[in-house]
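Asker: Given the sequences, and given the hints that come with them, work out the whole structure.
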Amino acid sequence: GTLPSSTTIINPEQEYQRFLREDKNAHTILTPTPVPTPLLTPIPTVVPTLPPITNITLLPQNEIEEQFFAGYRDAGVGASKDENHIWRVINCESTWNPLEQGIHWGLAQFLPSTWWTVTSITGFTDWTNPYHQGYNMAVWSSLVSPGTTEGWPWCWLR
Numbered sequence: 149g150t151l152p153s154s155t156t157i158i159n160p161e162q163e164y165q166r167f168l169r170e171d172k173n174a175h176t177i178l179t180p181t182p183v184p185t186p187l188l189t190p191i192p193t194v195v196p197t198l199p200p201i202t203n204i205t206l207l208p209q210n211e212i213e214e215q216f217f218a219g220y221r222d223a224g225v226g227a228s229k230d231e232n233h234i235w236r237v238i239n240c241e242s243t244w245n246p247l248e249q250g251i252h253w254g255l256a257q258f259l260p261s262t263w264w265t266v267t268s269i270t271g272f273t274d275w276t277n278p279y280h281q282g283y284n285m286a287v288w289s290s291l292v293s294p295g296t297t298e299g300w301p302w303c304w305l306r
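Heads up: the sequence shown begins at 149 in the working numbering, then just goes up one per residue.
Just so you know, not all the hints are guaranteed correct.
As the list claims (entries may be wrong) - With a cut-off of at most 20 Å between alpha-carbon atoms, the simulated DMTMM-like pairs for lysine to aspartate or glutamate come out as follows: (1) 229 x 213; (2) 229 x 214; (3) 229 x 298.
These aren't lab readings, by the way, just hints derived from the structure by calculation.
Answerer: Encoded structure:
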């Protein structure tokens, strides 16, 4: 077949060239403007570091326990918790070694971030001090659900 004489075949390239020859002001050609990828500035993560242990005299365990429970009682929030249970938790966590450290600190084995949170409330910041550990454990255990991931998930339930 042949096409009727009134049929015009449009060549896309020829049509585009014709378009470009027309009055440039009569048409606006939009071209995409590249959008630069934003440069992300890294934000440093603050990781609490373990304060150095200096001039520490390790006390006999009975004195460590006495100081710990003095702090625990003085906090005024932990008295309702059985001290025999707390003794077992600390024995499980650190075997009553106030210098116990790894990813957790001290007698109650606080995570560094938890330690800094509770010390900002209490003002007792020396993680090697049994009194501070006892006071801070009483305060923290009154704020969270002990025996969960919020505090002592393993030893609290033993």
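Asker: Quickly compare the C-alpha distance for residue 229 and residue 298 to 20 Å and report which way the hint goes.
Answerer: Holds, at roughly 17 Å.
Asker: Between residue 229 and residue 214, is the straight-line Cα distance small enough, at 20 Å or below?
Answerer: Given pair residue 229, residue 214 holds - Cα atoms ~16 Å apart, limit 20 Å.
Asker: Assess, step by step, whether the Cα of residue 229 is no farther than 20 Å from the Cα of residue 213, and give holds or violated.
Answerer: holds (16 Å)
This entry satisfies every hint, going by the numbered hints stated previously.
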